[in-house]
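Chemist: The chain contents come next:
2 protein chains.
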Amino acid sequence: MGAEPIRKLERNEPAIVTTVERLVERFGDRCQVGAAIREQHANTTTWLANLPPDAVVFAESAEEVSEVVRLCGDAGVPVIPFGAGTSLEGHVNAMAGGISIDLSRMNRVLAVHAEDLDCVIEPGVTRKQLNEYLRDQGLFFPIDPGADASLGGMAATRASGTNAVRYGTMKDAVLSLKAVMPDGRIIKTGSRAKKSSAGYDLTRLLVGSEGTLGIITELTLRLQGIPEAISAAVCPFETLEGACNAVIATIQSGIPVARIELLDELQVKASNAYSKLDMRETPTLLLEFHGSEAGVKEQAEMFGEIAAEFGGSDFQWARAAEDRNRLWQARHDAYWACVGLRPGSKALATDVCVPISRLAEAITESRRDLDESGLLAPIVGHVGDGNFHVSLLIDMDSADEISRAEQFMARVVERAIAMEGTCTGEHGVGHGKIKYLRKEHGDTVDFMAMIKQAIDPRGIMNPGKILPDDSF
Amino acid sequence: MGAEPIRKLERNEPAIVTTVERLVERFGDRCQVGAAIREQHANTTTWLANLPPDAVVFAESAEEVSEVVRLCGDAGVPVIPFGAGTSLEGHVNAMAGGISIDLSRMNRVLAVHAEDLDCVIEPGVTRKQLNEYLRDQGLFFPIDPGADASLGGMAATRASGTNAVRYGTMKDAVLSLKAVMPDGRIIKTGSRAKKSSAGYDLTRLLVGSEGTLGIITELTLRLQGIPEAISAAVCPFETLEGACNAVIATIQSGIPVARIELLDELQVKASNAYSKLDMRETPTLLLEFHGSEAGVKEQAEMFGEIAAEFGGSDFQWARAAEDRNRLWQARHDAYWACVGLRPGSKALATDVCVPISRLAEAITESRRDLDESGLLAPIVGHVGDGNFHVSLLIDMDSADEISRAEQFMARVVERAIAMEGTCTGEHGVGHGKIKYLRKEHGDTVDFMAMIKQAIDPRGIMNPGKILPDDSF
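Protein chains in written order, with my numbering: chain A, 1 to 472; chain B, 1001 to 1472.
Just so you know, these hints were derived from the structure itself, not from any lab. A hint or two may mislead.
Calculated Cβ distances over 12 Å to all of chain B for the following chain A residues [said to hold, decoys possible]:
#1 52
#2 136
#3 427
#4 438
With a cut-off of at most 16 Å between alpha-carbon atoms, the simulated EDC-like pairs for lysine to aspartate or glutamate come out as follows [as the list claims (entries may be wrong)]:
#5 A:188 / B:1446
#6 A:297 / B:1293
#7 B:1188 / A:361
#8 A:188 / B:1420
#9 A:188 / B:1443
Because the structure is a prediction, the values reported are computed rather than measured. Ideal placement from N, C-alpha and C gives every residue a C-beta, glycine not left out.
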């Protein structure tokens, strides 16, 4: 009530102390203030410092989330939603202190409407949990960012991953949301209709808003039928450029690949060692085809012709579910495999996305740049979307290495933007990428800030994320 | 400049007079004030009265649009963007007078990036114009609302139509927009990357905002490759319910139909007469399959089995392009065919969308309701999405008939919302559907209004559309 907007990211110590006291009183054991738990709730896999919240409330309902938000709002204390802690750009850091709302206990599947290919879930449900739940009904949820993230968090960061080339991103998968807004009201942004023209698209506004406009407390998600046939393949290439050009041609031909993932030579080495595989150590595509038996065969043949043209050969097929799972597990473990290349280092993931025609250029320039910079860094990518990651293996005790890595990251982003791409394909802005937002969006950032200001005038919702200071 | 916000939809006569004078001085012949041209720019195919603007400016560039917006903004005079005038809910009515900005001369295709499956166009390009332009390159733009609408207008109303079941709506087709915002600034909402997590999704916020937040001056659109094989079919059913249930089963089976359209018995009669066809006069599905030769055959066979199960039979195939075109032209002329059933009447289109599992129920209840109400009204639908239209043929001189039709429309919407559907699948809110917005969205409407207020504090952008008065 009259609290100053949180713009300077300064701690309001007395307000925080009082608020934590009130929350402990209200939630008892479900409000934790221990250092370890607070640090875990500011988990970050970037070089951004861990900035823990002052308390963690384990919410069990939208009404409880609303209660915490109202209480914090009245005092001008930040609230930071927390799902599974797998975000990569410091999204859950408490820049000005405040309360982490842990949503992991809100993990019920509320309804599966198999006949409408949708489901209604709480935000703490993880993607693996959902897919296990759905399997018996012949359905699956396709968005797969690798980590077993919570679906609320995936919506909040507009996540995507390996299947996005065929099935889209969280922007496409979310039909409707319930969210607690900064004034504590609980809203519902849409219906279960497959399409609607009824007013502003607040579903898509909340997807990707990283907890800065509202806290997602329920999701209605589109599901897919498990395809009749699934077939995966490993396809090694002579050169990185050849692999990229095969991807470009595949997408341009309209082959509806379900997954088309790149591992560069270094990543293949790392994954062979970590995941006990025996892939040829050369730039490699991992693919998956979904469809009818005939359709999958047709797609695979079409891809085979393209691959041969660009120096790809020696396919290995994985048709059995366990072989496929082993392959994709290896892909998902790419991060840990990287770290294994240089024990003691931290793997810092960049994330850019370019128009598909620029993919080969963007990746080969990054590779050349890395080699010149003397940085050890495998490249992986959801290349069917033009999206790739460079995993920089950094000795976090070396200021020089960190500085070289930061400069490299800036160059990757600048090249992507110059190619009409984006500074983040799927990881989000957090505070790690705020500095690039205006470069990419120009004055558009001011309109984002107007929306933030209008909906969250006290600035309590995950302050210090997405929006640069100069936009207010 | 101190102008009062336009909330009460009252004309500010002196400001309008001065503004029109200044625009005539600045734009000469390209600022028209004649009654006929003004009325044409408030064209509406609903029963909503024609409320013409005070002048029409034919803009030729984003900079000119910006100039008009700044001038109007300073004076507190409304601006209403105009594309092709095919909207259905009074979107271009000048509720408080003001200036219509006609964008039809901004109709250049600026770039086609065939290798990235995208293009960059001005907002006045129509969908037919774009598809003619693209044909030689083996590409097409799938969103097809029937009318030859402008693509800027289609984005503004979040249009969809016959192909949406396979290719999505304008929400999915727009990669990025340029828009003139209420303060006259020109922003760009995204890049050409296929996906991005870089901040709030202003692309999706502007899509469907009906000119109330900004005026779209450039669109980057996703394109599709023209499929190797296309096959269309007409499939008559014994009953309306059978046809609907066949649609439900088709969608649930995951058959990737490109089009699946319902005409009820009355619409078939009307279309036979108007389009000189000889379809059996019974509830009928029109279908189109896209894919490889083998894929299309497979899809058609799968659909055939489903149709037979629900009383469908006697397929007629249209494989030649000219036969297909004739069929879809008839579908697109459904509106005119309706009017032909009752010369002198006006056809008023309702537009709701429900989860697919509720489709048969929603349509058969509407049919029963119509028959009980004694209203003459064919039903057509983009039924693969759960979206359908009732075309009420009304004698506009009969207050009683109008009143019965209005009551019917309200019931259709209420049933759709009760079935977890939406009050508009694709036509938008305009001012025709404002009264249903709160029923569908509850408090969410207040957050829409906060956004409107923040971005357009003077309320100059197409006032009186989308947002109910009680939301400010």
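Chemist: With reference to the structure, classify each hint as holding or not holding.
Modeler: Hint by hint, here is what the structure shows:
no.	hint	result
1	52	holds, 24 Å
2	136	holds, 16 Å
3	427	violated, 6 Å
4	438	violated, 10 Å
5	A:188 / B:1446	holds, 12 Å
6	A:297 / B:1293	holds, 14 Å
7	B:1188 / A:361	violated, 25 Å
8	A:188 / B:1420	holds, 12 Å
9	A:188 / B:1443	holds, 8 Å
Violated hints, in rising order: 3, 4, 7; the structure is consistent with all others.
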